[in-house]
Amino acid sequence: SSGINAEYGEMESLHQARIAEDHVPAGSSDEDDESEDEDEALLSDPHLLNEILPNEINSIPYQLLRDLSILMDPLSTAGSDFTSLASKIGFCAAYIRYLKALNIKTNSPFQEVLRVWADSAPDATVGDLVYLLAEIKRYDAVSEIRDFYEL
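Residue 5 in this note's numbering is what sits at position 5 of the sequence shown, and the numbering runs on without skipping anything.
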């Protein structure tokens, strides 16, 4: 149990470092606007995302899975957390309540969502995940994936 708590503490420290790292000063350039337009076009095209990120959900490397869990596991008052993703995938309300009841220190609800999704839809890809994350406006998680795969 202490090993799990230590890993959770390490994950939380990493999350706090990422928040500080992701802080960008206000103001943008025309180049930033063009990049945002390209990003929006990419994120709204599931077929293109699947061409770029064809990897199956169950093949996401541990480091990326851990980083995504740090972002997606905490419940959000805005509702854009693992519960929104589970709903988009098609999980029933009872299962989403079960996920909320998981002990986050020992079980990642986000990872459970991905595991069940991969089991029920073996053709689900990382591109599909990016598309759904964009739909629930979790651009921080989208950025984690893009950075990891160097896109």
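These are computed hints drawn from the structure, not numbers from a lab.
Remember, predicted model here, so these are calculated numbers, not experimental data.
Note that beta-carbon positions come from the ideal geometry of N, C-alpha and C, so glycine has one too.
A few of these clues could be false.
[Said to hold, decoys possible] Straight-line C-alpha distance at most 25 Å; calculated DMTMM-like pairs for lysine to aspartate or glutamate:
#	residue 1	residue 2
1	LYS88	ASP147
2	LYS88	GLU135
3	LYS137	ASP147
4	LYS137	ASP123
5	LYS100	ASP140
6	LYS100	ASP81
7	LYS100	GLU135
8	LYS137	GLU56
9	LYS105	ASP140
10	LYS137	GLU112
11	LYS88	GLU51
12	LYS88	ASP45
13	LYS100	GLU51
14	LYS88	GLU56
15	LYS100	ASP119
16	LYS105	ASP81
17	LYS100	ASP147
18	LYS100	GLU112
19	LYS105	GLU51
20	LYS137	ASP81
21	LYS137	ASP67
22	LYS105	ASP123
23	LYS100	GLU40
24	LYS137	GLU51
25	LYS88	ASP128
26	LYS88	GLU40
27	LYS137	ASP45
28	LYS105	ASP67
29	LYS88	ASP119
30	LYS105	ASP119
31	LYS88	GLU112
[Stated by the list, open to error] Simulated restraints, written as ranges between beta carbons of each label pair:
#	residue 1	residue 2	range
32	TYR95	PRO122	13 to 23 Å
33	PRO122	THR77	31 to 41 Å
34	LYS105	HIS47	34 to 44 Å
Against the structure, the hints:
1. LYS88 to ASP147: holds (24 Å)
2. LYS88 to GLU135: holds (9 Å)
3. LYS137 to ASP147: holds (17 Å)
4. LYS137 to ASP123: holds (23 Å)
5. LYS100 to ASP140: Judged against 25 Å, a Cα distance of about 21 Å means the pair holds.
6. LYS100 to ASP81: This hinted pair holds, its Cα atoms lying about 11 Å apart.
7. LYS100 to GLU135: Roughly 21 Å separates the two Cα atoms, so the pair holds.
8. LYS137 to GLU56: holds (22 Å)
9. LYS105 to ASP140: holds (22 Å)
10. LYS137 to GLU112: holds (20 Å)
11. LYS88 to GLU51: The hint holds at about 21 Å.
12. LYS88 to ASP45: This hinted pair holds, its Cα atoms lying about 16 Å apart.
13. LYS100 to GLU51: violated (33 Å)
14. LYS88 to GLU56: Distance ~18 Å between LYS88 and GLU56 Cα, so the pair holds.
15. LYS100 to ASP119: Holds - the C-alpha atoms of ASP119 and LYS100 are around 20 Å apart, at most 25 Å.
16. LYS105 to ASP81: Within the cut-off at roughly 16 Å; holds.
17. LYS100 to ASP147: violated (28 Å)
18. LYS100 to GLU112: holds (11 Å)
19. LYS105 to GLU51: With a Cα-Cα distance of about 35 Å, the restraint between LYS105 and GLU51 is violated, given a limit of 25 Å.
20. LYS137 to ASP81: holds (10 Å)
21. LYS137 to ASP67: It holds: about 17 Å lies between the C-alpha atoms, which stays within 25 Å.
22. LYS105 to ASP123: Violated. LYS105 to ASP123 sits at ~30 Å, over the 25 Å cutoff.
23. LYS100 to GLU40: violated (31 Å)
24. LYS137 to GLU51: holds (21 Å)
25. LYS88 to ASP128: holds (11 Å)
26. LYS88 to GLU40: holds (19 Å)
27. LYS137 to ASP45: holds (15 Å)
28. LYS105 to ASP67: holds (15 Å)
29. LYS88 to ASP119: holds (16 Å)
30. LYS105 to ASP119: holds (23 Å)
31. LYS88 to GLU112: Given pair LYS88, GLU112 holds - Cα atoms ~15 Å apart, limit 25 Å.
32. TYR95 to PRO122: 13 to 23 Å: holds (19 Å)
33. PRO122 to THR77: 31 to 41 Å: At roughly 34 Å between Cβ atoms, THR77 and PRO122 fall inside 31 to 41 Å, so the hint holds.
34. LYS105 to HIS47: 34 to 44 Å: Given about 39 Å between the Cβ atoms, the range holds.
Checked against the numbered hints above, the structure breaks hints 13, 17, 19, 22 and 23 and satisfies the rest.
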